[in-house]
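Chemist: Position chain B relative to chain A; hints supplied.
The listed protein sequences derive, respectively, from chains A and B.
Going by our numbering, the first residue of the first sequence is number -11, and it counts up by one from there.
Going by our numbering, the first residue of the second sequence is number -11, and it counts up by one from there.
No lab work stands behind these hints: they were computed from the structure.
Some hints could be false.
No distinction is drawn between identical chains; accordingly, a pair holds when it is met within one copy or between any pair of copies.
As the list claims (entries may be wrong) - In silico DSS-like links for lysine-lysine, alpha-carbon gap of 25 Å or less:
id : residue 1 : residue 2
1  : Lys182    : Lys275
2  : Lys246    : Lys301
3  : Lys119    : Lys98
4  : Lys98     : Lys250
5  : Lys273    : Lys184
6  : Lys301    : Lys95
7  : Lys301    : Lys250
8  : Lys75     : Lys279
9  : Lys201    : Lys294
10 : Lys250    : Lys93
Each chain, written out:
Number of protein chains: 2
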Amino acid sequence: MFTKIDFEQVKARISPFVHETSIVSSQSLNELTGNSLFIKPECLQKTGSFKIRGAASKVTSLQGQNIKGLVTASSGNHGQAVAYMAKALSIKSIIVIPNNAPEAKIKAIKAYGAEIVMVGPKSNERLEMAKDISQEMEYIYIPPYDDYEVIKGQGTIGLELINWGHSIDKVFVPIGGGGLLSGIASCIKAINPKIKVIGVEPQGSCCMYTSIKAGERKEISPDTIADGLRTVIPGEITFPIVQKKVDDIILVEEGEIKEAMKLVLERMKLVIEPSGAVSVAAMLKEKGEGKNLVAVVSGGNLDIMKIAEIIAK
Amino acid sequence: MFTKIDFEQVKARISPFVHETSIVSSQSLNELTGNSLFIKPECLQKTGSFKIRGAASKVTSLQGQNIKGLVTASSGNHGQAVAYMAKALSIKSIIVIPNNAPEAKIKAIKAYGAEIVMVGPKSNERLEMAKDISQEMEYIYIPPYDDYEVIKGQGTIGLELINWGHSIDKVFVPIGGGGLLSGIASCIKAINPKIKVIGVEPQGSCCMYTSIKAGERKEISPDTIADGLRTVIPGEITFPIVQKKVDDIILVEEGEIKEAMKLVLERMKLVIEPSGAVSVAAMLKEKGEGKNLVAVVSGGNLDIMKIAEIIAK
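Pulled out of the complex, with its shape left as it was, chain A reads as follows (with noise of 0.2 Å):
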């Protein structure tokens, strides 16, 4: 599999266009729970979440080739992130989205001026959709997740990891796709396989939970607030790698993300997304052991009176 060359390369290549994101800790969060407690904030990533790692790592592999455009499928954060690359890059592209998404989603992608096509809201209508559009106007397809160079892009997050230099016992990575998690995981038990790469999800939305319990690929039905973590089937490439390398599954309850939320808002002063908040609220259930804990927070994408409402409850 990948090697730690692997990861420094992708590191060195996407260096232009990401930020490597410092790791932040709170006093009163570790005198709460008998632990070092440490996150990892790709909320303060460029585009708000660690996608725009997956989406340059794929783009900059391309080298020498001459790219007319990028596009991809999602209303979220990987859509934000193509499109933010495209712009960078001088080129085009075109976000196929679900034509249910939310106004603010759309206004962000077109923001960084990508080119945006509505079809149903069936995810698989809006994957043809782009890959059609990949083959017709000849843009460069960037998938979500099920992809070695995303994964590896996702990766660097485990570099930047190991690069800290502070000792750590575990880290905790949201699921969604398994990109992130596979990432991780991969860099980080090539490097020092000590460590233990915990993946999170939520309860109503544990693909790759069931899947790992029953050694296959099984699909569900998502019900979260976690957005960006409501995947229907793992994903081909990244399950069988999550399967290897990860040490184990975590679910958490929906008004643990909530309280995760608050209180990383309170005591870290930083606006995390419900999918980014699984990750901490698995770390505040771990056992207080004088451990060093990171959770690796995805991203911050949400709806300013979202986070009020949170605050409010």
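Modeler: Leaving out everything else, chain B in the frame of chain A:
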């Protein structure tokens, strides 16, 4: 005055106690304003504000002395910073606060293990009590701003901005007693005097602006939501430094402060306190000319319910 080496020495001395906060930006805010906007987020600093820099600088300047304890008068960020430093050094601390201080602030200071002494609501009562305690108990008094070591500590932010390597046209800095502003201005002007350093005050609490206009220190009656900036008169030491080193002072309205907090929460995923938002408010008022502007955000300590209130407006 101070030289680059002074700040480098202080930065090395305080580095065990202080984060180097990484600078954040927002593409969407840049497009909104026509400038490149950056934030130096001291809300992500230990204790949630820049005050730890000054406190750490003062304490570490006393090397070789046997320090029994620390004492100061402050119910806000400075109180937390002094309590934190005492805890980090395993010594005692006493924080003198007014008997009308909000419960949340008292809790935060107590959480760092400090002893609290309450006196009447007047600031001179607190100061006298702190100085009495300092003498009687041989605790070191840590001034909030009017002290060369404290000023140099806050000035390390200027050094981090210079070392960032990115071109900077203007830096915006909130003014309370003037410690943060005089520190940053001294540092930047010692290294790269071309960078403009701008102080920012709320219209309802502008003792520095009023004093600079008058050519001497003037008293005012502060009235602003920016609770950290409710200063009655500029410092004796900070005032002449601001006179000499600072390019301009800008005033912002209360509505502009709230709007800046909201924008930073929404676009930059950061919780900032009203006192920290004044610099962002001033930066947002700049004409769009493709300039590189940095707002130093002094802190992020505010009641979580206040955040909900500000969003809902």
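Chemist: Now look at each hint and say whether the structure bears it out.
Modeler: Hints versus structure:
no.	hint	result
1	Lys182 - Lys275	within (19 Å within a copy, 53 Å between copies)
2	Lys246 - Lys301	both (9 Å within a copy, 22 Å between copies)
3	Lys119 - Lys98	within (20 Å within a copy, 59 Å between copies)
4	Lys98 - Lys250	between (29 Å within a copy, 21 Å between copies)
5	Lys273 - Lys184	within (16 Å within a copy, 48 Å between copies)
6	Lys301 - Lys95	between (28 Å within a copy, 22 Å between copies)
7	Lys301 - Lys250	both (10 Å within a copy, 20 Å between copies)
8	Lys75 - Lys279	between (42 Å within a copy, 20 Å between copies)
9	Lys201 - Lys294	neither (34 Å within a copy, 44 Å between copies)
10	Lys250 - Lys93	both (22 Å within a copy, 18 Å between copies)
The structure fails to meet hint 9 from the earlier list, while all remaining hints are met.
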